[in-house]
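Residue numbers (our numbering), protein chains in the order written: chain V, 1 to 252; chain C, 1 to 307.
One should not assume that every hint holds.
Stated by the list, open to error - Result set (DSS-like, lysine-lysine): computed pairs, CA atoms no more than 27 Å apart in a straight line: (1) Lys153/V / Lys105/C; (2) Lys105/C / Lys79/V; (3) Lys105/C / Lys212/V; (4) Lys79/V / Lys116/V; (5) Lys153/V / Lys107/V; (6) Lys153/V / Lys79/V; (7) Lys212/V / Lys153/V; (8) Lys212/V / Lys251/V; (9) Lys116/V / Lys129/V.
Stated by the list, open to error - Listed next, with one range per pair, are the computed distances between beta-carbon atoms: (10) Lys129/V / Met281/C: 44 to 54 Å; (11) Pro210/C / Thr89/V: 45 to 55 Å; (12) Gly198/V / Ser288/C: 44 to 54 Å.
Simulated from the structure, these hints should not be mistaken for lab results. Cβ atoms here follow ideal geometry from the backbone N, Cα and C, with glycine treated the same way.
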Amino acid sequence: MSAAPRILLRVGCLAVLLLSLGTRARADDLFLGDLMDHRIAITTGFAGTDVFIYGVKQGPGDVVVVFRGPRSAYAVRRKERIAGIWLNTDRVDFQGVPTFYAVASSKPLDEVVSPKVQANLEIGVDHLKQAPADEAGGSDVVPFADALVRVKKSMGLYQADVANITLDNRPLFSGRVHFPANVPTGNYEVTVMLFNGGEMVTGNSAVLQVSKGGADAWIYERAHDQAAAYGLCAIAGALLLGWAAHLVFRKI
Amino acid sequence: MQIYLPIAEISLNVILLLGIGTAVGFLSGMFGVGGGFLLTPILIFMHVPPAIAVATQANQVVGSSVSGLLAHWSRDNVDFKMGSVLLAGGFIGSTVGVVLFGILKRIGQIDLVINLAYVFLLTSVGALMLVESLRAILRLRRRGGAPRKLHQHTWVHGLPLKMRFRRSRLYISALLPLGLGFLIGVLAAIMGVGGAFLMVPAMIYLLGMPTRIVVGTSLFQTIFVTANVTFLQAVQNHTVDVVLASILLVGGVIGAQIGGRVGARLPAEYVRVLLAVLVLMLGLRLSSELIVTPAELYSIALVGGGQ
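Produce the entire structure from the sequences given, and follow the hints as far as they go.
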């Protein structure tokens, strides 16, 4: 992995900095985590990427990192068989749903975080609280809320705990989370937490920006902000391509 | 080699896309059909959202029709008056179609409607083509058979608003081509097809146009109607992916040229059977998605904006 030397360099710098601070503070208190890159640029060749986490931890305990995508409203529809064919019938809307969710930890989540804390802090895919847009939904909304998580999981956008944060190079830790090609754009909230005895000891947060880059961003913005001009260009481009092909092949 | 499509928001293999474009272009060059009705379902199988597949396909058809129209125009095989009346109907039809498309998208039924329309179209057209081509083979073996009657008088000749179409040697009601254009326009908007596979037989059998000028005239109307669909889809639904359309178009024009040359040397009736079988299989594959119990009964969509 080409990012590995860069990671080592940055982790090294951070370690030196923190260790020099640490001589003054109590060494046991030291805990800080961050991301290698704070931006994912979706460009033409984009086929998913790994985001690297690194940090320093001197005291005891385990590391848990939560990635939360920007929140959005979703409509969940259920298919039913009517007259022999399957079609969408019931619909429940949910608000404030994270478009992306992933957890990385240094040990399996259940060994690190107590069930109560998991539920309170919404740590782990199964602890996300989905709020239906209409209060009237009642208990009927449960299968829809479950389906929302299930579909997101199957798209790779909700990831169950990946216990791949290594504490091998004490006091440094590092890990990574995979972002698939269909990752939604926006600002992601990343929380790096230290857990001991099932409870959170300390933590800090960072922001990860996911945005389209280069030509793709440009095309996307034109399609949405200057839709009429975009449509005309699409037509002109197709006509030109067709005409060029006509000229080329007439000679052959 | 993966390429990220900015509007469809998925990564697909660019070589595969070019290959599919070329293969469909090859078939369309060989049989003189647009190929949109083959490409759209294939894109949907590749997980391009149906709404984006349809709008992008309309954009692709604009380009792939140019070459054919220029060829027919240079041989004076276009009835511009007839084409304009068809086009007037087509503009109204495609505008209505895009509005309908937007409404269906909002109520979450657009995928179903696109699917149903394709199942109906592919299976019926495929079956008709199969029967027709098998019959043609039998006729060929027997040598001969009764010639078709050239001009029949039916109820359609009693309609008002008669108009003279010199190039087509017809004196018929303008309502006929207007209505036909309207119907094809709606199809173009909802299915992203040029509609030649319906337009051409309708022009021959329903309007009674001379076969020689049918294809050129239909291409004339196709370009403008699909351009209208592209524009309206881009403005209203933001579903036109120019990157995807360009890749398919490059493959398509190359394939069409090769297909046109190969097709001229092959026994048309036998190749037609193959196309009919292919179209039928696509239709059955799509219909199985509607009938077989899906693995996941729930689907999710962003509310307001986005896909």
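(request) Take the C-beta atom of Pro210/C and the C-beta atom of Thr89/V, compute their distance, and say whether it sits inside 45 to 55 Å. (result) 50 Å Cβ-Cβ, so the 45 to 55 Å window holds.
(request) Could you grab the alpha-carbon distance between Lys153/V and Lys107/V and see if it respects the 27 Å cut-off? (result) 21 Å, holds
(request) Can you let me know if the beta-carbon spacing of Lys129/V and Met281/C is within 44 to 54 Å? (result) Given about 46 Å between the Cβ atoms, the range holds.
(message) Hinted pair, alpha-carbon criterion (27 Å max): Lys153/V, Lys105/C. Please report holds or violated.
(response) Judged against 27 Å, a Cα distance of about 24 Å means the pair holds.
(message) Holds or violated: Lys105/C and Lys212/V, Cα atoms, limit 27 Å.
(response) Status holds; Cα separation ~25 Å.
(request) Sort out whether Lys116/V lies within 27 Å of Lys79/V, counting only the CA atoms. (result) Roughly 35 Å separates the two Cα atoms, so the pair is violated.
(message) Can you confirm whether the C-alpha distance between Lys116/V and Lys129/V stays at or below 27 Å?
(response) 14 Å, holds
(request) Take a quick look at whether Lys105/C and Lys79/V sit within 27 Å of each other, Cα to Cα. (result) 16 Å, holds
(request) For the pair we were handed, Lys212/V and Lys153/V, check the Cα-Cα distance against 27 Å. (result) 23 Å, holds
(request) For the pair supplied as a hint, Lys153/V and Lys79/V, confirm whether the alpha-carbon distance does not exceed 27 Å. (result) 19 Å, holds
(request) Decide if the proposed pair is consistent with the structure: Lys212/V and Lys251/V, CA atoms, cutoff 27 Å inclusive. (result) Violated, because 41 Å separates the two Cα atoms, which is more than 27 Å.
(message) Quick check on a hinted range of 44 to 54 Å for Gly198/V and Ser288/C, using CB atoms only.
(response) About 50 Å separates the Cβ atoms of Gly198/V and Ser288/C, which means 44 to 54 Å holds.
In the structure shown, a violation is registered for the earlier hints numbered 4, 8, in ascending order.
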